[in-house]
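Q: One-letter residues, chain by chain:
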Amino acid sequence: RKEVEQDPGPFNVPEGATVAFNCTYSNSASQSFFWYRQDCRKEPKLLMSVYSSGNEDGRFTAQLNRASQYISLLIRDSKLSDSATYLCAVNKRDYKLSFGAGTTVTVRA
Amino acid sequence: EPEVTQTPSHQVTQMGQEVILRCVPISNHLYFYWYRQILGQKVEFLVSFYNNEISEKSEIFDDQFSVERPDGSNFTLKIRSTKLEDSAMYFCASSLTGWSTGELFFGEGSRLTVL
Numbered sequence: 224r225k226e227v228e229q230d231p232g233p234f235n236v237p238e239g240a241t242v243a244f245n246c247t248y249s250n251s252a253s254q255s256f257f258w259y260r261q262d263c264r265k266e267p268k269l270l271m272s273v274y275s276s277g278n279e280d281g282r283f284t285a286q287l288n289r290a291s292q293y294i295s296l297l298i299r300d301s302k303l304s305d306s307a308t309y310l311c312a313v314n315k316r317d318y319k320l321s322f323g324a325g326t327t328v329t330v331r332a
Numbered sequence: 013e014p015e016v017t018q019t020p021s022h023q024v025t026q027m028g029q030e031v032i033l034r035c036v037p038i039s040n041h042l043y044f045y046w047y048r049q050i051l052g053q054k055v056e057f058l059v060s061f062y063n064n065e066i067s068e069k070s071e072i073f074d075d076q077f078s079v080e081r082p083d084g085s086n087f088t089l090k091i092r093s094t095k096l097e098d099s100a101m102y103f104c105a106s107s108l109t110g111w112s113t114g115e116l117f118f119g120e121g122s123r124l125t126v127l
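These protein sequence lines map, in sequence, to chains A and B.
According to the numbering used here, the first sequence is numbered sequentially starting from 224.
According to the numbering used here, the second sequence is numbered sequentially starting from 13.
Extracted from the complex, chain B is given alone in its bound form (with noise of 0.2 angstroms):
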């Protein structure tokens, strides 16, 4: 069955790095996300992207955040200059179509902690 795989599972990073998270959606998908969950809270939307470009964006997502689409199957999240509240699993997911199915397929995740 096609997967959403992300890498790497879990990094430990210093506060004041940059982070690059990669995924690698389903390859037929078209609409690509990102989400985080803090632990012991809820999942929060992150971005949206479609057809190389952002199609919509969290308050969440700000400058420190940004989103590519460097060839024909990575989707990576690149966090400038971490912070220590930008702990959190970070969920890679895709879709064939946009809104109306909401059938998102996720990734296992990428654990980012950050000291």
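Here chain A stands alone, though its shape is the one from the complex (with noise of 0.2 angstroms):
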């Protein structure tokens, strides 16, 4: 089983739309949860950190449920700039984040 796995998508929703994806990780010693936005050809830039009780940030908000060792996601009212692959990272409380393979957002006009 991979350690860091997301659904590739792509989601390809309208402008406005709300759309929200998951990503599971495999070892249950992971402790440090990220998305990071990577744009095509570019480098990964960090969105948001997940925390146990769920966060928000503006139109985004990230869930993590270490039950079934999963994060989630999800984006509002989708704006054409927010087309990009979102990276899921994982951290086991060592130097080195595990990154999924990314799941391709498309917001069409």
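None of these hints come from the bench; they were simulated from the model.
Incorrect hints may appear among the rest.
FRET-style restraints, in silico, Cβ to Cβ [unchecked claim]:
hint : chain 1 : residue 1 : chain 2 : residue 2 : range
1    : B       : Asn64     : A       : Asp300    : 41 to 49 angstroms
2    : B       : Ile72     : A       : Ser275    : 30 to 38 angstroms
3    : A       : Thr241    : B       : Asn86     : 39 to 47 angstroms
4    : B       : Asn64     : A       : Ala240    : 45 to 53 angstroms
5    : A       : Asn288    : B       : Gln29     : 44 to 52 angstroms
6    : A       : Ser304    : B       : Thr17     : 22 to 30 angstroms
7    : A       : Gly232    : B       : Leu96     : 28 to 36 angstroms
8    : B       : Asn40     : A       : Glu238    : 33 to 41 angstroms
9    : A       : Lys302    : B       : Glu115    : 38 to 46 angstroms
We put the beta carbon where it would ideally sit given N, CA and C, even for glycine.
Hey, can you piece these two chains together into the complex? The hints should help.
A: Set out below in structure tokens:
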């Protein structure tokens, strides 16, 4: 089983729509969870950390479910600029982040 | 805004040649990393570096690879005797703290093409 798995998508949604997707992780010892955004052929950039109680940052909501070992990202009121690949990243209290392969979101006008 | 800078942005080399990829991390950061991304695949951890030594490395980071912080600003990745499968985007990253925050700041990457 892969360490971090994501639905690759693509999720093709109209502007203003809500889109949500999950990421599962295999190691129950994982401590820290993050969503990164990667635009085509660019570097990953941190979108938000994911906390146990769930957290929001503007139109973005992240949730963590430790029992089922997944995290989720929900994007409300999608904008054209939200089109990107969203990378889930997990850390096991060591010096590396393990990334998923990414979920591609395309927002159309 | 401080940023991680990488050079070169693109390097083409012949199989068997040595390449050095250079990075200037954010100045007050203490942890440095190299990741790579083969086209169409996920971002993969190579190595982390702290206090002038490797703190962790992946199985990808074999004897072909080495890292160095030759001075107070540069952080380099050397790939000896490149292979075709080394073709990838190599991202340098730095962070102020270690594992707990996960906020890595990535450079724009160095694309390596091995012919």
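Q: Between B/Asn40 and A/Glu238, is the Cβ distance one that fits in 33 to 41 angstroms?
A: holds (40 angstroms)
Q: With 22 to 30 angstroms as the target window, see if A/Ser304 and B/Thr17 comply at their CB atoms.
A: holds (25 angstroms)
Q: Within 30 to 38 angstroms: is that where the Cβ-Cβ distance between B/Ile72 and A/Ser275 falls?
A: holds (31 angstroms)
Q: Note whether the CB distance of A/Gly232 and B/Leu96 lies within 28 to 36 angstroms or breaks it.
A: holds (29 angstroms)
Q: For B/Asn64 and A/Ala240, compare the CB-CB distance with the range 45 to 53 angstroms and indicate the outcome.
A: Roughly 49 angstroms apart at Cβ, these two residues keep to the hinted range, so it holds.
Q: With respect to the beta-carbon atoms only, verify the hint that A/Asn288 and B/Gln29 lie 44 to 52 angstroms apart.
A: holds (48 angstroms)
Q: For A/Thr241 and B/Asn86, compare the CB-CB distance with the range 39 to 47 angstroms and indicate the outcome.
A: holds (45 angstroms)
Q: For the range 38 to 46 angstroms, tell me whether the beta carbons of A/Lys302 and B/Glu115 fit it or not.
A: violated (23 angstroms)
Q: Using the beta carbons of B/Asn64 and A/Asp300, state whether their distance is inside 41 to 49 angstroms or not.
A: holds (47 angstroms)
The earlier numbered hint that this structure contradicts is number 9, and it is the only one.
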